[in-house]
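Peer 1: Heads up: the sequence lines are chains A and B, in that order.
Position 188 (the first sequence) corresponds to 188 in my numbering; numbering is contiguous.
Position 42 (the second sequence) corresponds to 42 in my numbering; numbering is contiguous.
One or more of the hints may lead you astray.
Stated by the list, open to error - Derived pair list, reagent style DMTMM-like, types lysine to aspartate or glutamate, alpha-carbon separation capped at 20 Å:
#: 1; chain 1: B; residue 1: LYS179; chain 2: B; residue 2: GLU283
#: 2; chain 1: B; residue 1: LYS182; chain 2: B; residue 2: ASP100
#: 3; chain 1: A; residue 1: LYS182; chain 2: A; residue 2: ASP9
#: 4; chain 1: A; residue 1: LYS223; chain 2: B; residue 2: ASP9
#: 5; chain 1: B; residue 1: LYS179; chain 2: B; residue 2: ASP9
#: 6; chain 1: B; residue 1: LYS182; chain 2: B; residue 2: ASP302
#: 7; chain 1: B; residue 1: LYS223; chain 2: A; residue 2: GLU283
#: 8; chain 1: A; residue 1: LYS182; chain 2: A; residue 2: GLU283
#: 9; chain 1: B; residue 1: LYS223; chain 2: A; residue 2: ASP22
#: 10; chain 1: A; residue 1: LYS223; chain 2: B; residue 2: ASP22
#: 11; chain 1: A; residue 1: LYS179; chain 2: A; residue 2: ASP55
#: 12; chain 1: B; residue 1: LYS182; chain 2: B; residue 2: ASP209
Don't read these hints as lab results, they were simulated from the structure.
There are 2 protein chains.
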Amino acid sequence: MSRESAFIDRLRMMTTHPAARDLRDDAAVLPAPIGYDLVFTHDALVEGVHFLTSDPPGDVAWKLLAVNLSDLAAKGAEPIGVLMGYGLTGDSEWDIAFADGLARALSHFNVALLGGDTVSQPPSDARVLGLTAIGRVPPGGAPDRRGALPGDHLYVTGPIGDAGIGLRIARGEIAGPRKLLKAYRLPMPRLRTGQALAPLVHAMADISDGLLIDADRMAQASKLALAINLDAVPLSHAAASFGTDRAARLAAVTAGDDYQLIFAAPLAAAGRLAAIAIEHKIEIADVGLFSAGSGLTIADRDGVIPAPGRLGYEHGTNPA
Amino acid sequence: MSRESAFIDRLRMMTTHPAARDLRDDAAVLPAPIGYDLVFTHDALVEGVHFLTSDPPGDVAWKLLAVNLSDLAAKGAEPIGVLMGYGLTGDSEWDIAFADGLARALSHFNVALLGGDTVSQPPSDARVLGLTAIGRVPPGGAPDRRGALPGDHLYVTGPIGDAGIGLRIARGEIAGPRKLLKAYRLPMPRLRTGQALAPLVHAMADISDGLLIDADRMAQASKLALAINLDAVPLSHAAASFGTDRAARLAAVTAGDDYQLIFAAPLAAAGRLAAIAIEHKIEIADVGLFSAGSGLTIADRDGVIPAPGRLGYEHGTNPA
Numbered sequence: 001m002s003r004e005s006a007f008i009d010r011l012r013m014m015t016t017h018p019a020a021r022d023l024r025d026d027a028a029v030l031p032a033p034i035g036y037d038l039v040f041t042h043d044a045l046v047e048g049v050h051f052l053t054s055d056p057p058g059d060v061a062w063k064l065l066a067v068n069l070s071d072l073a074a075k076g077a078e079p080i081g082v083l084m085g086y087g088l089t090g091d092s093e094w095d096i097a098f099a100d101g102l103a104r105a106l107s108h109f110n111v112a113l114l115g116g117d118t119v120s121q122p123p124s125d126a127r128v129l130g131l132t133a134i135g136r137v138p139p140g141g142a143p144d145r146r147g148a149l150p151g152d153h154l155y156v157t158g159p160i161g162d163a164g165i166g167l168r169i170a171r172g173e174i175a176g177p178r179k180l181l182k183a184y185r186l187p188m189p190r191l192r193t194g195q196a197l198a199p200l201v202h203a204m205a206d207i208s209d210g211l212l213i214d215a216d217r218m219a220q221a222s223k224l225a226l227a228i229n230l231d232a233v234p235l236s237h238a239a240a241s242f243g244t245d246r247a248a249r250l251a252a253v254t255a256g257d258d259y260q261l262i263f264a265a266p267l268a269a270a271g272r273l274a275a276i277a278i279e280h281k282i283e284i285a286d287v288g289l290f291s292a293g294s295g296l297t298i299a300d301r302d303g304v305i306p307a308p309g310r311l312g313y314e315h316g317t318n319p320a
Numbered sequence: 001m002s003r004e005s006a007f008i009d010r011l012r013m014m015t016t017h018p019a020a021r022d023l024r025d026d027a028a029v030l031p032a033p034i035g036y037d038l039v040f041t042h043d044a045l046v047e048g049v050h051f052l053t054s055d056p057p058g059d060v061a062w063k064l065l066a067v068n069l070s071d072l073a074a075k076g077a078e079p080i081g082v083l084m085g086y087g088l089t090g091d092s093e094w095d096i097a098f099a100d101g102l103a104r105a106l107s108h109f110n111v112a113l114l115g116g117d118t119v120s121q122p123p124s125d126a127r128v129l130g131l132t133a134i135g136r137v138p139p140g141g142a143p144d145r146r147g148a149l150p151g152d153h154l155y156v157t158g159p160i161g162d163a164g165i166g167l168r169i170a171r172g173e174i175a176g177p178r179k180l181l182k183a184y185r186l187p188m189p190r191l192r193t194g195q196a197l198a199p200l201v202h203a204m205a206d207i208s209d210g211l212l213i214d215a216d217r218m219a220q221a222s223k224l225a226l227a228i229n230l231d232a233v234p235l236s237h238a239a240a241s242f243g244t245d246r247a248a249r250l251a252a253v254t255a256g257d258d259y260q261l262i263f264a265a266p267l268a269a270a271g272r273l274a275a276i277a278i279e280h281k282i283e284i285a286d287v288g289l290f291s292a293g294s295g296l297t298i299a300d301r302d303g304v305i306p307a308p309g310r311l312g313y314e315h316g317t318n319p320a
């Protein structure tokens with residue numbers, strides 16, 4: 001039995017959805033959900049870029065699933081299933097640990113593995129792992145990134161910056177609590193919260209590359225100016241122990257991998273947002289204001305801050 | 001502007017479907033097609049494994065799309081759209097030529113680019129390119145690989161083996177007509193034929209790894225024995241000029257990349273199959289017979305042939 005066969009057999013064990021056809025067919029087939037819009041997203045992770053070679057393989061599997069489910073969350077969607085593109089580099093122990101982690105993650109989020117492809121990469125190459133997630137949302141119910149209106153406030157679910165500190169812990173640069181390492185390695189997509197928020201918001205996205213850069217993308221896509229109040233950005237207690245000054249907050253809002261939601265909503269929604277925060281036991285913070293015009297302004301209690309040279313993580317320019 | 005931005009701008013120019021949200025959102029959103037089953041497939045190509053470094057980038061883009069559409073063809077599905085996972089290795093000339101080829105291929109097959117992800121790979125790594133294709137098929141209309149019945153004949157659309165000779169031409173091992181090189185580099189998924197055949201067949205798949213291995217997978221998935229008549233395998237005139245003896249035919253049925261369809265159908269369907277062959281101007285050949293039991297038998301006019309050690313291309317064991 002080839003290495004690929006052993007790995008695929010492992011995937012088959014976790015594939016119980018009839019649409020997956022036991023991973024023995026060319027494609028997955030399932031009835032179109034009646035009375036829904038479909039939501040599709042595809043994100044890939046590259047070893048050394050989106051995860052560290054030293055990250056546990058099972059955690060990488062979790063992250064591959066979670067970052068894609070986070071995109072569904074940002075559209076208020078409920079997951080249907082996923083297809084995976086997996087690069088084998090000849091380390092079958094890593095592959096098996098990855099498969100076990102994937103099984104745990106799929107089970108946790110109650111998502112079906114519908115199909116995919118395993119391919120051989122040269123053994124010394126950085127692993128490339130792709131995943132397509134398919135979800136459903138009530139018709140017209142998926143918020144757009146481009147829909148913010150002048151006068152809308154920018155809200156974020158919190159906390160922000162935990163994963164950035166967790167990455168530094170994972171790299172061995174600093175010591176810190178396991179909670180922050182976990183925020184980096186095992187992000188938690190805000191699926192239920194996204195579904196609750198979707199009907200109330202004008203625009204929504206997830207924070208994958210950093211609060212500033214993802215908020216700026218929303219402002220640009222909506223053709224609006226955005227002012228951000230740095231002091232309002234929610235930090236966890238664990239992150240706050242590493243500092244709450246301007247430098248610490250700027251580090252938090254330019255770090256990626258938080259997978260919190262950012263969204264534009266009118267102030268009139270504030271009461272309902274507070275109710276969602278209580279029901280979902282999360283923080284929802286008002287961190288900014290959209291207005292006519294263009295450009296990003298950042299300020300704190302001491303005044304306007306020059307925008308940092310790097311707003312967040314941009315693939316192709318910032319190797320992590 | 002980063003390299004990634006330039007490439008993404010190129011992709012945006014070819015993205016006109018509103019569901020793609022101008023590639024500026026976290027996900028693609030479109031209404032679920034009413035009265036259809038959905039079909040999903042994901043195939044990846046790795047440089048040096050599934051395509052040659054010397055293959056023109058535009059042809060690689062065609063192939064990435066075509067191999068996935070071929071999976072939809074095998075399920076009788078009509079394409080809706082695709083999502084791409086693209087690894088940037090720093091050769092922006094290659095990327096732009098790829099993007100131009102992708103635009104041509106999407107236009108040829110009238111398929112929408114709905115979204116995806118571009119990621120940075122280390123510059124010296126083999127490119128990894130993934131694509132998810134989404135299609136639709138009438139309810140219950142997607143043939144399964146597992147559905148062959150005892151007494152069914154195995155049919156193939158032809159010709160078989162052109163791409164295998166084309167690969168040898170591309171590698172510079174032999175000289176040969178451009179038509180065969182094209183069969184390797186620019187495979188043509190049998191979309192319309194697959195849709196016409198789907199209601200008539202008990203099982204269907206496409207030939208990606210070789211006629212023998214893909215037919216054997218169908219027999220195994222259907223828990224049946226299969227006897228193949230090597231003399232009935234359709235060869236093109238161009239391929240036949242390289243030989244029609246047993247060795248040449250065994251080479252043809254163990255070569256991959258043909259992207260023809262194989263299917264199991266009762267002899268009673270033969271008349272309707274002939275009509276489809278005429279209407280679609282293709283060859284449909286009766287090359288085998290399924291029966292109770294297990295195992296693959298290959299024979300020609302001179303008798304039974306020992307199964308070759310390698311039935312086709314298996315990822316992870318046969319680097320191309």
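Peer 1: Are any of the numbered hints broken by this structure? If so, which, sorted upward?
Peer 2: Hints 3, 5, 6 and 7 are the ones this structure does not satisfy, whereas the remaining hints hold.
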